[in-house]
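Please construct the entire structure, taking both the sequences and the accompanying hints into account.
Heads up: the protein sequence lines correspond to chains S and X, in order.
For what it's worth, numbering that gives the first Met the number 0 labels the leading residue of the first sequence as 0, then goes sequentially.
For what it's worth, numbering that gives the first Met the number 0 labels the leading residue of the second sequence as 0, then goes sequentially.
Honestly, the hints are just simulated from the structure, not real lab data.
Keep in mind it's a predicted model, so treat the numbers as computed, not measured.
Heads up, a few of these hints could be off.
[As the list claims (entries may be wrong)] If you want a taste of the chain X side facing chain S, the calculated C-beta under 8 Å gives, among others:
id, residue
1, Met0
2, Gly10
3, Phe12
4, Gly16
5, Ile125
6, Arg443
7, Glu459
8, Tyr470
9, Trp523
10, Ala526
11, Gly527
[As the list claims (entries may be wrong)] If you anchor each label on the Cβ, the simulated ranges turn out as follows:
id, chain 1, residue 1, chain 2, residue 2, range
12, X, Ala205, S, Gly320, 31 to 41 Å
13, S, Asn509, X, Pro366, 27 to 37 Å
14, X, Gly453, S, Glu82, 55 to 65 Å
15, X, Pro429, S, Asn509, 30 to 40 Å
In this text, a Cβ means the ideal position worked out from N, Cα and C, and glycines have one as well.
There are 2 protein chains.
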Amino acid sequence: MPITGHNLIAGQFSHDGTITFRSIDPRRRAPGDTVFYEATPEEIDRAVRAAADAFAETRNYPARRLADLLDRVAAEIEALGDELLETADRETALGLPRLAGERARTTSQLRAFAALLREGSYVEAIIDTALPNRQPTPRPDIRRMLFPIGPVTVFAASNFPLAFSVAGGDTASAFAAGCPVILKAHPSHPATSELTAQAVNRAVEAQGFPAGFFSLVQGASVEVGQALVRHPAIEAVAFTGSLRGGRALFDAAAARARPIPVYAEMGSVNPVFFLPGAIRDGGAALAEGLVASVTLGAGQFCTNPGLLFVPDTAEGRAFVGMVCERMAAREPGVLLNAQIERGLAGAVAETLSHPGVECLIGGEIVPGGGYCFANTVLQTTAAAFIADPALQSEHFGPVTLVVLCADEGEMLAAAGALHGHLTASIHAAPDEWGVAATLADRVRDKVGRIVWNGFPTGVEVVYAMQHGGPYPATTAPATTSVGMTAIRRFLRPVAFQNVPDALLPPALQNANPLGIWRIVNGQWTRAGVE
Amino acid sequence: MPITGHNLIAGQFSHDGTITFRSIDPRRRAPGDTVFYEATPEEIDRAVRAAADAFAETRNYPARRLADLLDRVAAEIEALGDELLETADRETALGLPRLAGERARTTSQLRAFAALLREGSYVEAIIDTALPNRQPTPRPDIRRMLFPIGPVTVFAASNFPLAFSVAGGDTASAFAAGCPVILKAHPSHPATSELTAQAVNRAVEAQGFPAGFFSLVQGASVEVGQALVRHPAIEAVAFTGSLRGGRALFDAAAARARPIPVYAEMGSVNPVFFLPGAIRDGGAALAEGLVASVTLGAGQFCTNPGLLFVPDTAEGRAFVGMVCERMAAREPGVLLNAQIERGLAGAVAETLSHPGVECLIGGEIVPGGGYCFANTVLQTTAAAFIADPALQSEHFGPVTLVVLCADEGEMLAAAGALHGHLTASIHAAPDEWGVAATLADRVRDKVGRIVWNGFPTGVEVVYAMQHGGPYPATTAPATTSVGMTAIRRFLRPVAFQNVPDALLPPALQNANPLGIWRIVNGQWTRAGVE
Numbered sequence: 000m001p002i003t004g005h006n007l008i009a010g011q012f013s014h015d016g017t018i019t020f021r022s023i024d025p026r027r028r029a030p031g032d033t034v035f036y037e038a039t040p041e042e043i044d045r046a047v048r049a050a051a052d053a054f055a056e057t058r059n060y061p062a063r064r065l066a067d068l069l070d071r072v073a074a075e076i077e078a079l080g081d082e083l084l085e086t087a088d089r090e091t092a093l094g095l096p097r098l099a100g101e102r103a104r105t106t107s108q109l110r111a112f113a114a115l116l117r118e119g120s121y122v123e124a125i126i127d128t129a130l131p132n133r134q135p136t137p138r139p140d141i142r143r144m145l146f147p148i149g150p151v152t153v154f155a156a157s158n159f160p161l162a163f164s165v166a167g168g169d170t171a172s173a174f175a176a177g178c179p180v181i182l183k184a185h186p187s188h189p190a191t192s193e194l195t196a197q198a199v200n201r202a203v204e205a206q207g208f209p210a211g212f213f214s215l216v217q218g219a220s221v222e223v224g225q226a227l228v229r230h231p232a233i234e235a236v237a238f239t240g241s242l243r244g245g246r247a248l249f250d251a252a253a254a255r256a257r258p259i260p261v262y263a264e265m266g267s268v269n270p271v272f273f274l275p276g277a278i279r280d281g282g283a284a285l286a287e288g289l290v291a292s293v294t295l296g297a298g299q300f301c302t303n304p305g306l307l308f309v310p311d312t313a314e315g316r317a318f319v320g321m322v323c324e325r326m327a328a329r330e331p332g333v334l335l336n337a338q339i340e341r342g343l344a345g346a347v348a349e350t351l352s353h354p355g356v357e358c359l360i361g362g363e364i365v366p367g368g369g370y371c372f373a374n375t376v377l378q379t380t381a382a383a384f385i386a387d388p389a390l391q392s393e394h395f396g397p398v399t400l401v402v403l404c405a406d407e408g409e410m411l412a413a414a415g416a417l418h419g420h421l422t423a424s425i426h427a428a429p430d431e432w433g434v435a436a437t438l439a440d441r442v443r444d445k446v447g448r449i450v451w452n453g454f455p456t457g458v459e460v461v462y463a464m465q466h467g468g469p470y471p472a473t474t475a476p477a478t479t480s481v482g483m484t485a486i487r488r489f490l491r492p493v494a495f496q497n498v499p500d501a502l503l504p505p506a507l508q509n510a511n512p513l514g515i516w517r518i519v520n521g522q523w524t525r526a527g528v529e
Numbered sequence: 000m001p002i003t004g005h006n007l008i009a010g011q012f013s014h015d016g017t018i019t020f021r022s023i024d025p026r027r028r029a030p031g032d033t034v035f036y037e038a039t040p041e042e043i044d045r046a047v048r049a050a051a052d053a054f055a056e057t058r059n060y061p062a063r064r065l066a067d068l069l070d071r072v073a074a075e076i077e078a079l080g081d082e083l084l085e086t087a088d089r090e091t092a093l094g095l096p097r098l099a100g101e102r103a104r105t106t107s108q109l110r111a112f113a114a115l116l117r118e119g120s121y122v123e124a125i126i127d128t129a130l131p132n133r134q135p136t137p138r139p140d141i142r143r144m145l146f147p148i149g150p151v152t153v154f155a156a157s158n159f160p161l162a163f164s165v166a167g168g169d170t171a172s173a174f175a176a177g178c179p180v181i182l183k184a185h186p187s188h189p190a191t192s193e194l195t196a197q198a199v200n201r202a203v204e205a206q207g208f209p210a211g212f213f214s215l216v217q218g219a220s221v222e223v224g225q226a227l228v229r230h231p232a233i234e235a236v237a238f239t240g241s242l243r244g245g246r247a248l249f250d251a252a253a254a255r256a257r258p259i260p261v262y263a264e265m266g267s268v269n270p271v272f273f274l275p276g277a278i279r280d281g282g283a284a285l286a287e288g289l290v291a292s293v294t295l296g297a298g299q300f301c302t303n304p305g306l307l308f309v310p311d312t313a314e315g316r317a318f319v320g321m322v323c324e325r326m327a328a329r330e331p332g333v334l335l336n337a338q339i340e341r342g343l344a345g346a347v348a349e350t351l352s353h354p355g356v357e358c359l360i361g362g363e364i365v366p367g368g369g370y371c372f373a374n375t376v377l378q379t380t381a382a383a384f385i386a387d388p389a390l391q392s393e394h395f396g397p398v399t400l401v402v403l404c405a406d407e408g409e410m411l412a413a414a415g416a417l418h419g420h421l422t423a424s425i426h427a428a429p430d431e432w433g434v435a436a437t438l439a440d441r442v443r444d445k446v447g448r449i450v451w452n453g454f455p456t457g458v459e460v461v462y463a464m465q466h467g468g469p470y471p472a473t474t475a476p477a478t479t480s481v482g483m484t485a486i487r488r489f490l491r492p493v494a495f496q497n498v499p500d501a502l503l504p505p506a507l508q509n510a511n512p513l514g515i516w517r518i519v520n521g522q523w524t525r526a527g528v529e
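Dropping the structure here:
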């Protein structure tokens, strides 16, 4: 099916509006052929109402039915074949190998959520049976589990056109919870979004779900997102993007008559600490690994290592020299869009305007064909870093800031000055575990993930993954947007008091017909209740 | 130790301010002898800084050490003896039997959290081991668990001077998480609060915790609470009280440079549905049970049944008649304070000003000795109720609103028109399970707890309890303020990637030295990792 440029409202193409835009090929700075129609307020309202109607049905679907949908979405995405990758590459310039990997991640996370649903304990069933003889009053029977919250708005990310977009992690976890999704496409890759949305729609239809379970709305202006967040029937918002964008949605949601949660994953500069022994042992290979992480996807990763704490020693400076050499030797990647190029140039200029910050290499837009910024290494001192919280601002692109630390004490003090980030990484030799453990302990309150002798890019989709962190990394540090526990964002507990067994949901019935792990009278068990 | 009227900042009495107030004996509308000093901004800052310093230590305390503190707090409260109950009774007029029960609840929930800590699985340890041979890249080892978030501000409730106040459920769950607490006492019972705070302090000292782990601040004006919520070192807020109060804190927290969560449990009118067969079978006993629940504690319960859906039949109206008779026959209780009396009179007058609402009995302040409002039954029709969301506003006191429903269809429509509440109760005869199940399904999205053939007052402190619900019942419907999962509000996940076993927290180490339930590679187990 060709790309129409229309919105997809509850299974129907729709282009009622007059505001249009095109995607831009970032390699040529040239607009594509297809005209995309921004959703009107009426189309948005139609999508949300259809989602609410769909939810009236899907809220009671058994987990296996949701699992089947997720598997089908994965299969439909695979059935799109090379067209999906080629379309995404035209719109993002991320390259076919990366996009093939991203597609594999997208389908595998859909299937991982399907497996989670079939295992079943994600509903967190807890049962406390009655104590009819308790004095002075009998204790009633109380049973509790999680249920879906209702229609969710997901904002696609610019930098992951597949894995954090139309059928990405947020959509997968909302669908897994049983929640309909209204997907706000990113204007950087509207054709990729429409293609994927068509695949999602085919899965929704094939599995007999109501059409309103999924809608795609296009838009390049702020109003589309604001209208979604303000709609009274929306129950939660998931977002991956900039601090400014995420905070605007958070503020709009908090100002509603009925506030709703915003799960925004925003800026992070992902500090990396290098202890002296790690630099001594790691040498060129360590520099190579670091540069590969900093320049991955032209640095357009939430987990890009943007802050390097390095000992201010001859070896430390030599290490920084190796990093600079390798950064300079790499062809800088093509950036996703004009805003990112402009924003990156502005952020780097702003950082360089601070006292005590110098530019070791790069620092400017690379003129020529595509959107491009030079691979850049900035440098400052721990004292300057600690004194100036603005030096923790994100540079979204192939840019990293070296912070030279006179000694361990300065490195620990710098760690203590960090605000919230998604990750922190520590490189230490075996004889440095003592100070490394102190460092790890100090950063634990600042991040969602601590990486040992490695780099933060590459976020595994596993049960244990925590992709989150204190503000400004996210607006909801107790949740994650990657990994199996991401489903909890879209679930809410309800308790049942003295409800007859036959009227309870299967997960709470005495016989445990689903065979799931539950907490019964304080004990984990898969056994039924006597 | 006598009541000083001072704040208790990190174990030290402090009364730097000039704003003072006294508690009022609600039975006599007369101020007590003790002058209480409202905390100054500097005292508040001192309390929060001391809490942050304390957290630097307590954040790594093992669970058993936190459990020992909770047990000790319970013992110290019991050691206060009758003085605590008598003081609370003077300040609240709730009566000694009720207060003795509330004390038992308070100590038992402290001990229940201690048991939760000793069992240990509340840290939600999840482990995904490495796959070194995975293609194209090896999968790292990822392990994740929950950690305490830091200093928490707890606002004590007017209506539970023990169980939702200084050492109540919020404090117990924050302490259990390992988080220091700055307790904002309620101005209705400052002496009770100080007594309890002294007991908490003795426990903190006896168990060797840093003194900043707990502080009590007194205050009757809004500024004290606002200063706490705005303090940069506060990580979360727990509140039980009015919609207006809770929303003001929520708005202040959302407007911070770094927003923090507000767990506010606010207004609820707790709809109760009576199907015809239940009225037929239940008769006078049912009316008696209902009236006992409506008038419990002078109706000053978050779970007070304030909305009764009754069939508009001869039997239904006879039932309402029995309820009115019994309400009129009961001596109305003494209200907690002047604001509650004034607020209740205003709320009832406001409701009566709506078209289609009549007053069956009561409806006015009872003149005489104490703060007192007549036991009140209002009545309206389902049509009026559905048309007017304001009829779901809380009347905090011994007041309930009967909604006469022409038939099942109207009752279901009224259920669909509900906004968020803490609970919904359904009374049905065995031959009415079909429609009752439909009703239960419809209210599931509106409440945190569904009660079958019972009344919502009496919130059991068990693992499965959910005391929460969609806004405006709470600002955080995915959490609970009663029951063991209340601890999650004060915990946050952190993942560890490839961290050596010896440097991992015990809960995540291969050998599982704590012997806790964990999810390892997707399977629940207490076994160690090979």
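Now the hints, each set against the structure:
1. Met0: violated, 32 Å
2. Gly10: Interface hint status for X:Gly10: violated (24 Å vs cutoff 8 Å).
3. Phe12: Hint violated; X:Phe12 Cβ to chain S Cβ min 31 Å, cut 8 Å.
4. Gly16: violated, 32 Å
5. Ile125: Result: holds, 4 Å to nearest chain S Cβ.
6. Arg443: holds, 6 Å
7. Glu459: At about 6 Å, which falls below the 8 Å cut-off, the nearest Cβ of chain S leaves the hint on X:Glu459 intact, so it holds.
8. Tyr470: holds, 5 Å
9. Trp523: holds, 5 Å
10. Ala526: Hint violated; X:Ala526 Cβ to chain S Cβ min 13 Å, cut 8 Å.
11. Gly527: At about 16 Å, which exceeds the 8 Å cut-off, the nearest Cβ of chain S leaves the hint on X:Gly527 violated.
12. X:Ala205 with S:Gly320: 31 to 41 Å: Between X:Ala205 and S:Gly320, where Cβ atoms are some 57 Å apart, the hint is violated.
13. S:Asn509 with X:Pro366: 27 to 37 Å: violated, 54 Å
14. X:Gly453 with S:Glu82: 55 to 65 Å: Hint holds: Cβ distance 59 Å, inside 55 to 65 Å.
15. X:Pro429 with S:Asn509: 30 to 40 Å: violated, 18 Å
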